[in-house]
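Residue numbers (the working numbering), protein chains in the order written: chain A, 1 to 333; chain B, 1 to 497; chain C, 1 to 399; chain D, 1 to 334.
Hints in this document: simulated from the structure, not taken from any laboratory. The reader is advised that the hints may include incorrect statements.
[What the hints assert, rightly or not] Listed below are the simulated DSBU-like cross-link pairs for lysine-lysine, each with C-alpha atoms no more than 35 Å apart in a straight line:
no.: 1; chain 1: C; residue 1: Lys-72; chain 2: C; residue 2: Lys-118
no.: 2; chain 1: C; residue 1: Lys-90; chain 2: C; residue 2: Lys-398
no.: 3; chain 1: A; residue 1: Lys-309; chain 2: C; residue 2: Lys-322
no.: 4; chain 1: C; residue 1: Lys-323; chain 2: C; residue 2: Lys-215
no.: 5; chain 1: C; residue 1: Lys-221; chain 2: C; residue 2: Lys-72
no.: 6; chain 1: C; residue 1: Lys-91; chain 2: C; residue 2: Lys-323
no.: 7; chain 1: A; residue 1: Lys-309; chain 2: C; residue 2: Lys-122
no.: 8; chain 1: C; residue 1: Lys-56; chain 2: C; residue 2: Lys-247
no.: 9; chain 1: C; residue 1: Lys-57; chain 2: C; residue 2: Lys-72
no.: 10; chain 1: C; residue 1: Lys-57; chain 2: C; residue 2: Lys-89
no.: 11; chain 1: C; residue 1: Lys-217; chain 2: C; residue 2: Lys-320
no.: 12; chain 1: C; residue 1: Lys-122; chain 2: C; residue 2: Lys-323
no.: 13; chain 1: C; residue 1: Lys-217; chain 2: A; residue 2: Lys-309
no.: 14; chain 1: A; residue 1: Lys-309; chain 2: C; residue 2: Lys-323
no.: 15; chain 1: A; residue 1: Lys-309; chain 2: C; residue 2: Lys-398
no.: 16; chain 1: C; residue 1: Lys-90; chain 2: C; residue 2: Lys-56
no.: 17; chain 1: A; residue 1: Lys-309; chain 2: C; residue 2: Lys-56
no.: 18; chain 1: C; residue 1: Lys-320; chain 2: C; residue 2: Lys-345
no.: 19; chain 1: C; residue 1: Lys-57; chain 2: A; residue 2: Lys-309
no.: 20; chain 1: C; residue 1: Lys-398; chain 2: C; residue 2: Lys-56
no.: 21; chain 1: C; residue 1: Lys-219; chain 2: C; residue 2: Lys-350
[Said to hold, decoys possible] Covered stretches of chain D (chain A as the covering partner; in silico rule of three or more C-beta atoms under 8 Å from a C-beta of chain A):
no.: 22; stretch: 144-152
no.: 23; stretch: 242-256
Don't be surprised by glycine CBs; every beta carbon is placed ideally from N, CA and C.
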Amino acid sequence: MTGTTVAPSAVLKPDAVRRSRLADPAVGIWLAAAAVIVLGWIVVALAGGQLLTRTNITIILSNSVALGLVAVGQSLVILTGSLDLSVAYLISLGTLVAAETMASGSVLTAVVAVLAMSAAAGLANGLIVTGLKVNAFIATLGTAFILRGWIEDNYTGPAGKVSASFQHLGYDRIGPIPVSIFLLAAVAAVLWFITRRTRLGHHMYATGGDEHAARLSGVRTRRTVVIAHVLCSLCVGAAALFLAARLGSGAPWAGTEARYDLDSIAAVVLGGTALAGGRGGVLGTLGGVLLLAVLDSVFNQLSIDPFFKNVVRGVVIIAAVALYARRGSRRTA
Amino acid sequence: MTTLLSMQHVSKSFLGVSVLHDVSLDLEAGEIHALVGENGAGKSTLMKVAAGEHIPDAGTIHLDGTAHRFTHPSQAQAAGVGIIHQEFALLGHRTVAENVFLGREPTRRGLVDRRAMEERTAQLLAELGETAITPRMYVRDLSVARMQTVEIVKALASDVRVLVMDEPTAPLAEHEAGLLHDLVRRLAGRGLGILYISHRLREVFDLSRRITVLKDGRHVTTLLTEQTDTNAVVRAMVGRELSAYYPQRARPEEIGDVRLAVRGGGNGRLSGIDIELRAGEITGIGGLQGSGRTSLARALFGDAPFTEGTMTVANHTLRPTSPRQAIRAGIALVTEDRKAEGLALRQSVRDNALLVTRAIPARGRRSAAGSIGQLLERVRLHARSGDQQVQFLSGGNQQKVVIAKWLAARPRVLLFDEPTRGVDVGAKAAVHTLVRELAREGLAVLIISSELPELIGMSDRILVMADGRIVGELPAGAGEEDIMRLATASADREAVA
Amino acid sequence: MIRSRLWAPSALLLASALITSCSSDIPPDSPAGSKGAPDSGSDGKQSKFFDQAEYKKQLKLTRAAPEGPDGKPWEQMIEPKMADTAQYKKKGSGGIHLCFSNAGVFNPWRQVGLTTMKAEVKLHKEISEFTVLDAQGKDDKQISDIQELTGKNCDALIVSPNTTATLTPAVKEACGKLPVIVFDRGVETDCAVTFINPIGGYGYGAVAADFLIDKVKPKGKILALRISPGVDVLENRWSAGKAAFDKSELDVVDVKFTEGDPVKTKSVVADAISRHGTIDGVWMDSGATAVAAVEAFEDAGVDVPPITGEDQQDFLQAWKDKKLTAIAPTYPTFQWRTPVIAALKILDGKQVPKKWKLPQPTVTEDNLDQYLKAGMPPLHYAMCGCENLPGFPEAWGKK
Amino acid sequence: MTTATAVWRKRGTAALGAGAPVYALLAVLFAALALTNPDFYEPDRFLAFVKRTAPLVILAAGQYLVVVSGEFDLSVGAVVTAGVVVAAELYGSFPEAHWLVISLALLLAGAVAGLANGLITTFLRVPSFITTLGMMLILEGAVFYWAGGSPHGVLPEDFRILGRGSAFGWLPWAALACLAAGVLAVWLMRSDFGRTLIATGDSERTATLSGVRTHRVRVLAFVLSGVAAALTAILVGGFSGVSAQAGRGYEFEAITAVVLGGVALGGGRGSVVSAMAGAFSLQALFTLLNLQGVSGALESTVQGVIVIAAVGLGAANWSRLRRTRTRSSGGTPS
């Protein structure tokens, strides 16, 4: 599973560079999302509905926020060649901590507390993966179990109370645009910046691409992985804060019932990030999230059986990735 | 000359097994210092200690007289020690510039400065006279030789003063090796100290000022190149004279009828291939890297099949479109990249040796499974037992396992792509003898080699390739010059690849 | 040059646009919730869900006689305080558009309930459109769903909240726009026109516990099986049960979570038996895994002790076939009919109780046969009051 | 690779075979069980334990085949749930159906699901993590869509006998099934198929060039995993009857078990026996926690810690190997 073996093609293709830029999945997924919007609009219109009303746009966007925040964080970890299955429980715990701290203390302390806790969780994940050399899948699954036990042992239901001022994050909007979108945008922008413009970002791609090669080139691969995990968990913390603001209190199942763990991974891969790491980026992930949100809204409009939704989701995810595989092969062929 | 790098009394052991024992070595500015020794002699370990990839148990490392204790490659780099590994440390999905500056990205106001990165890369490439590579190309699109160049640029970019090169010419063809040699000399000319590991004694003698010989983790001797000769060095390496390097060639009566023939074979990379492989004969394929030698082997083996022309195997018309078909037809291919394509590294010797017969349980698998012992004996494999994982074997023994794997399948035609790459001198001879024996038993053998002495020494006749065609045939014992002349006749057109 | 000249005004324009269009869907004030205390095992202290007053009230209600038509428990109400609904009377004629935000159909109870509700809707010709949005158990989605429905010109909105606390803001928001009917789980606001639910968790838990206290000899070992922590309704059931047991002679030796998974249930019971030698009574906070528990005793070669379950078909069947000593307090699925009825009353300007308490019948030895209907699917809930609804029994899965 | 380093690496390996940690863990857990409640080893109690564990063991064996070939199968949980629901549905429609027919139908269905996983993963080159994740959504969705939310039929006794009943009155059929599956798996891994499967997981390229039909081999692994999941469904359905969430969480438990058994995610290393031992230790752990009366809530915490610790322990011994492995796959130009 580690690294990409460098397979040199005997004949150098001068246009390879340009084509590989064109074949960038990030572009593809946004086009796909656009297509889904258009198609959805038509279908819903035929069903006598209206997809792009003010409310729906608001809803589509605010539904993208939570998953979006988690997914962009997740894409960092996956880029670096790792994985995080503990996000769902971390969100739940985050909402609880947020709500409870706010019930007693100030909003600021709550935000700090949540982010601090998330960072700690991320640090733990990172250290277990790099230090104990436990496969990320198992390591984060383990931390997920640990968090779960902690939650179930300490909380018997919704707890805490989010101060009214903070709930603006969950409910305010500018025209049809929920303010929470700006939170997502800001976080995504920062992460995009980190991955593309900073050394850390380059090292993430390197570590994900070929851990050994990166290390030989003097990259502190372990440190990179740990940082990636911390950043991811911080995003999860942000998602938790948003959900807390939206739910008005902490909920022990806020993260798990929405399956944020698997959904975020799905969104990341949908966005064209290679599960093996080393390729992809934050922008694609956002596209993936939007696509899923639009699909959901369309299903709502057509009031499709919830069970059938899952079928479609599954098909979409597989089909998309299959498409990427084809592209990739055509490029390196 | 001033001493640049000095390693004194270095020892290193893993889990109590000593790999390096009290080895001392020093390197002067502007010196090319060759390091030779059989596989397992501890060359690589020593180099890795120098480059900060291993932390020595004992001993000191001085650079310009100041003591260092590296715990991570980046520290060694910062101190000015660069290393080029046999296996490239390159990222296929990143650009040349990104690779060159990996781990040392230049920054402006905390941000990576792509501009600077690409300009500097271009500049360095220009200095090396490398025009075909541009900083924005993806490494995955480059040829091996060019990757090698990128590796060197990578080292230079961190303006190292000591450059460690671990068998840099192993993947290169003669004339590319030639270019590399010039490059290395120029670097030395600039005052860099170069530690040069190689199995190719000839280039060692061409290049180096001094030669240090290691054996079983101990320092045997350090000789001034002009005051010694090949035999002396080989003696120091293996502790014995290697009298006859290559076994007897085939006598005419030993050469039988045609086992495999291609007429007008061609595909994306090959064209107009006419070739006949005869029982008992070893046919050598010469040519430059990328001239289509490997492509030919892969085509014959059905891995990258011919798309045109006719092919007959043992008088049956058959153009294999998959390795499986080829194997069924009695063709076997010993690939050049043993670790990635020849072996399942974490499986036992037995499992590897039986892989083919298990994949295709057709002819004589029972006996193969039963006679695994004889099989290993047959290839003179000194494996502790058939249960040992092949990743623990030396390069030579690994190669023997690969050969055993094919012998178990009872092939009629045996294709070797770089049969002795990364194999130490002692094992080389063994492999050569084995290959000749197989020919004597009536197999048709084809050998591709970048090492001209090996090619000439082993082949009963030599076909030279260029541009995906066979450009000429030479009789046994042809000179290196003849081969190079044919191979480079169209070298200018061969520039890409 | 040009760009710079254009920049300032356009920015101003944008800014002003934003300010003017800036708005908030946030409700006036926000919900309350309180710290979840560690879940208590069988020691004295009660979980945060225990509300002495409410507990007493419910016990009283269980004894009170419901008003309303006999044999139609879904139209009955206990100690109602009527609220005037004139302001909601639907002007003009034309079909009624009823909307329903469902927490989800993630368990058979909700399956039966939804089927029942849909059938109820069929009964009323005046309902021209019935829109259901399913939140698949996601609070966040249900909030959006409610927002979406309020924008769908529904005449009335029925909400079955996924969570008490977290849905409060959204429901408040909806209350401002149209008549809202909340049922099953409550929300922490009384802005809804009516809140429909059966007597509640305390009643359920108490009935079950009292049954065991009555049937099991003193000092008997009780095993309490719970689905999972944190679900308020279930927490109430347990805290009531616990309150009863604490007063009694019985000894609750184990409180275990089964996650509604029969496999886990069987393991838990089997382990409990081997750990405590014997188990003299089983208290369950819901019937989902009752049968599994019964089988666990059989498999262990032990007689099945007195056990409490729910009105789930498979349990009633086992009860009858195996002649168990059992009782099945219910959280009746017929409550899914009431919201539709209430909605029509409201839109007609008729009075409805502010808090519409439905009776909470219990299945006992005596009336077992009345509720056990042959051929119904194993996960069907008998207390659905759906026998005379259109499509019965096929729509409820009888094969 | 130097012969000297070879020596110490070999010792390292010999010291702890792939599965060693898991057997230690298993021994410790069983010892703990013996101490905390002695009659755990009374035949019927122990057999009950085996019966309860059988489904996970079979699931782990199937998962092993996929993992050792370098892939994942996250869909097994969904297959189990689907299996139980489908069985109930079928009985709802054909109450008189013979249990053998239904069982075979399930096994067939499992095989088909596995086949789909395999074909998508190999021929469409979709990472198996995604393929099976999608399959999970599809199966759960489709089955409940079909059943309208919850199954309609009852599982009759004759169908449930395999999961619940015992042969000769004392030996649970489940235990026999488990044993049979184990023997079959071991035989399979010694067969040509097994060896080529591991080789494929170790180095697909090498396998291909040695004439292995790697696609076919992998697909077969997925199919077998699907069948194992279906068999699990039969046992679970039999053990505890109709349920709408029979297989919930099984996918992670199975993978955890396999990894506990020292099988490397990524393929090419580990034995099926230790994978099944992993399943046993996992179930033993649950039982121990139950018998210790650990608060239901805390169980998962303990489980998480132990899993990480055990795997970490295993990993520590492999760290060196892992390095060489990354190197050999680290871009040797061909």
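Item to check | Structure-inconsistent hints, enumerated in ascending order | outcome: 2, 3, 5, 6, 12, 13, 14, 16, 17, 18, 19, 20 and 21
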